[in-house]
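Number of protein chains: 2
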Amino acid sequence: MKFATLRDGTPDGRLVLVSPDGTRCAAAPAATMQELIERWDTLADICRAQNEFPDTLDSTMLAAPLPRAWQWLDGSAFESHGELMKQVFGNAPDHSDVPLMYQGMSDRFYGPHDDIPVPSEDLGIDFEGEFGVVVDAVPMGTSPEDALRHIRLIVQINDWSLRALAGPEMKTGFGWVQAKPACSMAPIAVTPDELGDQWRDGRVCLDLLVDWNGKRFGTPNGTSMSFGFHRLIAHAARTRALPAGTIIGSGTVSNSNYREIGSTCIAERRGIEIVDSGAPKTEFMRFGDTVRMEGRRADGSAPFGVIEQRVVRA
Amino acid sequence: MKFATLRDGTPDGRLVLVSPDGTRCAAAPAATMQELIERWDTLADICRAQNEFPDTLDSTMLAAPLPRAWQWLDGSAFESHGELMKQVFGNAPDHSDVPLMYQGMSDRFYGPHDDIPVPSEDLGIDFEGEFGVVVDAVPMGTSPEDALRHIRLIVQINDWSLRALAGPEMKTGFGWVQAKPACSMAPIAVTPDELGDQWRDGRVCLDLLVDWNGKRFGTPNGTSMSFGFHRLIAHAARTRALPAGTIIGSGTVSNSNYREIGSTCIAERRGIEIVDSGAPKTEFMRFGDTVRMEGRRADGSAPFGVIEQRVVRA
Chain A
1 MKFATLRDGT
11 PDGRLVLVSP
21 DGTRCAAAPA
31 ATMQELIERW
41 DTLADICRAQ
51 NEFPDTLDST
61 MLAAPLPRAW
71 QWLDGSAFES
81 HGELMKQVFG
91 NAPDHSDVPL
101 MYQGMSDRFY
111 GPHDDIPVPS
121 EDLGIDFEGE
131 FGVVVDAVPM
141 GTSPEDALRH
151 IRLIVQINDW
161 SLRALAGPEM
171 KTGFGWVQAK
181 PACSMAPIAV
191 TPDELGDQWR
201 DGRVCLDLLV
211 DWNGKRFGTP
221 NGTSMSFGFH
231 RLIAHAARTR
241 ALPAGTIIGS
251 GTVSNSNYRE
261 IGSTCIAERR
271 GIEIVDSGAP
281 KTEFMRFGDT
291 VRMEGRRADG
301 SAPFGVIEQR
311 VVRA
Chain B
1 MKFATLRDGT
11 PDGRLVLVSP
21 DGTRCAAAPA
31 ATMQELIERW
41 DTLADICRAQ
51 NEFPDTLDST
61 MLAAPLPRAW
71 QWLDGSAFES
81 HGELMKQVFG
91 NAPDHSDVPL
101 MYQGMSDRFY
111 GPHDDIPVPS
121 EDLGIDFEGE
131 FGVVVDAVPM
141 GTSPEDALRH
151 IRLIVQINDW
161 SLRALAGPEM
171 KTGFGWVQAK
181 PACSMAPIAV
191 TPDELGDQWR
201 DGRVCLDLLV
211 DWNGKRFGTP
221 NGTSMSFGFH
231 RLIAHAARTR
241 ALPAGTIIGS
251 GTVSNSNYRE
261 IGSTCIAERR
271 GIEIVDSGAP
281 KTEFMRFGDT
291 VRMEGRRADG
301 SAPFGVIEQR
311 VVRA
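So the sequences go chain by chain: A and B. Heads up: the first sequence at position 46 corresponds to 46 in the UniProt record's numbering, and the numbers run straight through without jumps. Heads up: the second sequence at position 312 corresponds to 312 in the UniProt record's numbering, and the numbers run straight through without jumps.
Here chain A stands alone, though its shape is the one from the complex (with noise of 0.2 Å):
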């Protein structure tokens, strides 16, 4: 199953089923994304039955699929990424058999299609490639094994990050407020099924392909994460209970041959300059600059549809 939402001038947006071609929309049982993954049991049914899209899905319309949840928790769960980032910052002391994780804001997740408001360039603006999980409640103490019966969806997001705020907020050993401003998402959330075996040991192993101001940056592929999702709910929901709808990120996807294929942050190039030549050439973001990203089927097709954004002065 596919779903989408359409804004509606609410916070929430109006939760819509989605076509299998990703064309077509129907009413879905919910008014909203989060009213469905509350609801799951009884309501997934009705939406797996639902074969008729009367509507053509506006891309127009187009709000994040979970347009704010009450939890996000974003992993680093590539080893390649946090190795390098280690070696370059010397940041995150060995932590290699715990996940790295921390809770971000999610009171909104910009559309697929929104400009992105930052108050300066000099912020270091930057984009990081991840897919996500959606769950639905999480007792506190569930293992990774049960986890995995808790995702309910998966997504495609870009977390949008500040690097000249992230080094100083992480040396605070308080984590990130302000190098972490709002994510954004893909504009297609779909249940692991409709990823077939491309949804593995709780990885999403497509391709995340990104684009900077139209020109490739990086294809790595979602199947490397050190902790599969089940791992990272487990962990996130050891002291806590989830609640339904939070949402767990991957981290920047990343692959260990980072210098063929290329990287879905530019942090992760620069670090590569640096260990290369002593310096980074790849300079951040500037207004204007655009960022597309897609994450894509071994037959060519985008389960998540596509993000693509602009950044934009506050």
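Hints should not be assumed to be uniformly reliable.
Unchecked claim - List time: in silico DSSO-like cross-link candidates among lysine-lysine, alpha-carbon distance up to 30 Å: (1) B/Lys86 <-> A/Lys86; (2) B/Lys86 <-> B/Lys215; (3) A/Lys86 <-> B/Lys171.
Unchecked claim - These stretches of chain B come out as covered by chain A in the derived footprint (C-beta under 8 Å, 3 or more residues): (4) 172 to 178; (5) 236 to 250.
Source of the hints: derived by calculation from the structure; they are not laboratory data. Ideal Cβ placement from N, Cα and C applies to all residues, glycine included.
Given chain A, put chain B in place with the hints provided.
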């Protein structure tokens, strides 16, 4: 004005207006605290005109005044606490011109008399007595001066902490997830004018009385914040708009004469013990332990009511 929320089986509960003496209540013109904050400009005058309180405020029905919020950002604004923690644990580098702040879980705040479930006594169970403010919608880039005008309510918070997990999470630079389960709130949220001249310069100038298992543990005053709440709000809003109902915390209330007046968290007392005698003597909480917290005016009254809770096995 004073407000409380009564349990009614829903996540947001039912908002009531509370009488000046804190014993009686009346229906509020908004169903929930979240709605009140979102519609403050319309509803505040209606609330202010209320002078009949037909119902007894049933203390067994009290939820947190805001039982869940879209955002909880906790500062660490008491320098005597921060400096001691730095001295003992070596974390949180000098950062004295910028507030320290992390984002914590906000999908649930415990009520003032709820039992607190924790998975294990080995996690270093600790309380943290704090004051907090609830703001209406704050635009990105709001100045500290303007931020003062967005403070609608003041609350009293127990920021539960699991110290055995806090150090390792802090070292990652990602901040706390497992170390910070849900917080608790005292039953009454008050408008700043309720505190008279004990609301000064964005600070709650009240003593916070903390008892652990019936024994006085600390009585520091909220005046000595290095940054007033208006500075904390402006810090939070530098790169993001804050949604109505965002809660901003002061961090552990602490005064530099903590050897005389005690502390509002066990970690601070243990820090003092480490400084004074090389090792901590005070153990963390056990299952069955209780903590009581009461912010008190000079006249002995408690504007927020009382937090009184017990730790139990999850």
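These are the hints, each one checked on the structure:
A hinted pair counts as satisfied when its Cα atoms are at most 30 Å apart, and B/Lys86 with A/Lys86 qualifies at roughly 23 Å. As the CA atoms of B/Lys86 and B/Lys215 are separated by approximately 28 Å, the hinted pair is consistent with the 30 Å bound. A threshold of 30 Å between alpha carbons decides the hint, and for A/Lys86 with B/Lys171 the separation of about 13 Å falls inside it, so the pair holds. Coverage of a stretch by a chain is defined here by at least three residues with a beta carbon nearer than 8 Å to that chain's beta carbons; for the stretch 172 to 178 of chain B and chain A the count is 7, and the condition holds.
Interface restraint, the stretch 236 to 250 of chain B with chain A: holds (7 residues with C-beta to C-beta distance below 8 Å; minimum three).
No hint from the list above goes unmet by this structure.
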